[in-house]
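Go by the hints and put chain B onto chain E.
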Amino acid sequence: MKQRLLNAWSVLKLPLIAVLVGFIVGAICILAAGSNPITAYAALFKGSLASIPSIGETLYKVTPILLTGLAAAIGFRCGLFNIGGEGQYVMAAISTVAAAWYFQWMPHFILVPFLLVIGILAGGTWGGIAGVLKAKMGINEVITTIMLNWTALYLSNYLVRTVLNPSNILGDAPSGHTVVVPEVARLGKLSSMVPAFGFSSVHTGIFIALGVAVLMWFILFKTTLGYEIRGVGLNYQAAEYGGISSAKNTFLAMFISGGLAGLAGSIQILGLVYMVNQSTELPGYGFTGLSVALVGLSHPLGCIPAAILFGILDNGSRQMQLAGIPKEITAIISAVILVFVAGALLLKYASTRYEKRKMKKNGPVQSGPVMDTAGKGVE
Amino acid sequence: MNSMIALAVIASAIRLATPLLLAALGGVFSERSGVVNIGLEGIMIFGAFFAVWFTHLTGNAWIGVLASMIFGVVAASLLAVISINLKGNQIIAGTAINLLAAALTAFFLELIWHRSGSTPICPDMLTSNPLRVLEGIPFIGDLFKQFTPFVYLAFILVFVTYYVLWKTPWGLHVRAVGEHPKAADTVGIGVYKTRWTCVLISGVLAGLAGACLSIGTVGLFREGMVAGKGFIALAAMVFGKWHPVGSLGACLFFGLCSAIQIQAQSFGLNVPSEFLAMVPYVATIIILIGVVGKAVAPKADGTPYEKDEA
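Protein chains in written order, with our numbering: chain E, 1 to 379; chain B, 1 to 310.
For reference, chain E alone in the conformation it holds in the complex (with noise of 0.2 Å):
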């Protein structure tokens, strides 16, 4: 029992600190700011807990970078940055609005699951190209998944401009956004079922999202097919040498990874937002959806938790300004948690050392797999 807590403690350690670092700086800089950090906290998970809506509305922001979460951490698993996500996100958006209005004579529950499906399959084309691209000739995944971040946007951008522009489809006056997703196709609210969640935007998306974090942990750890990508991850030289193919699993990696991004875009589409509007930025969940992984140490179930903690951040800080302290503290302490576990791989790293130097000294001693890429973790 305590040798299972120390294993625990010895994985958890890393995110914990991470986040205890993050909020740390983020009192500095409330300190700096001329607030007290202890009522700035206050007001922060007062405003993300203390009521069943704002605990709706810390839902709703947790649904989409719960996808975005799992999507960083499948690529992590199979040895791939995909940063990707803010493209496949984009592109299963603007798709979702397009099938939503042109199939809205579709009955609801055969139109939903079909819209959540487009989303998958427009999210993991895009991912695709960069599988692809890696698989077949070894381009970097970083540098394609950044240039198809903005190739989406700029081409979402296009057709929310001209195609699904309302001024096109309807006749009215030009606009900066799409056409509004149809009622028929929307998912429902929470709010709609349960009263108690009054004014909170928290939609079915959450259980979808909730359900495919359990799906990836049984398909990541419990098939084949997971079993492989876990192996080219950790060593794509020695998973060939026994029989699995690295490039059919790096590009399945990448087309599944887009494909949780993009289902984050669609339910984002349906769930709330129901329009796709014109931008000059990136739209940040998949950013934030690295983070996740990274702080959920690339476990789907650990996904959970994370996504749970950077929804508390979104959602609490505007209590925090309320409370008169400025929101970007938040942003802040993200970012630094990031930093921090960027850095604190060391922790990890020089632990591995250490083994190995123990080994040189006694003889092989048990020690986990050598690990020297983000976030391939715990099992």
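FYI, nobody ran anything at the bench for these hints, they're computed from the structure.
Hints should not be assumed to be uniformly reliable.
Simulated crosslink set (PhoX-like; lysine-lysine; CA at most 25 Å straight-line) [to be verified]: (1) B:K182 <-> B:K167; (2) B:K193 <-> B:K182; (3) E:K46 <-> E:K189; (4) B:K241 <-> E:K136; (5) B:K307 <-> B:K193; (6) B:K241 <-> B:K182; (7) E:K136 <-> B:K299; (8) B:K87 <-> E:K13; (9) B:K307 <-> B:K182.
Quick look at chain B alone, frame taken from chain E:
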């Protein structure tokens, strides 16, 4: 008439290429030594902000420029510590710098000016041509009217970068460290020191790029003003095959795309502006695929180096 439009487009292309070029040169230094710098965007945000702040504080835009370089170095040293000493992940470190820059500058904006969105206009800026003599040249004299000190600086730095990295012993060391750090280490080149120097230089250059956007263009700092230019610079560096002169070509090409995008109406061009905005990214993917001469990264780019303990 036509030649005037052409001249205007070329002038604006060069002006738009300048911040990209400065940041891309920063990328060349960092990546040639083996450190991927996704954080260019964030360093530019820092540079843009601190240039404006210090110009406000001192009333002198050149002090703003100095501040942009200093804070560029501060931001870059975060990347250096994480990726060189701690052997952390360079991509995460870069992404973290980008997020941190956006959040911190917004926070400072709130703290210093008690407003969000943008700073007041600076009392001093660097938006005019420092070399008025050149405006007297027949035909192309008008071209120089729009040039800021940053334009001249960026073009000079292209050749300085080329000279330093390809014609000096230290440049050879840098490239060796980026290709095969172990071999470099064996012959006595300090891998960590070389990488540190290069990452800090990339901080100076990306910081300058940020200053060019703020005090060199609009004279204020606005949230979201960098809007992906750091990533276009990254694209330009890849498109230019990790080479300063190549990056120059790429930046001019990308600058031309933006210039045409802005002036498309004035010569009745009917290409959707979004497609022109996409060109840098799509072109970079195409060049990576190798349709037009393959771009290959330095071999050890992105991998931390671990010294063997003897």
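Q) Among all the numbered hints in the text so far, which are the ones the structure does not match? A) none
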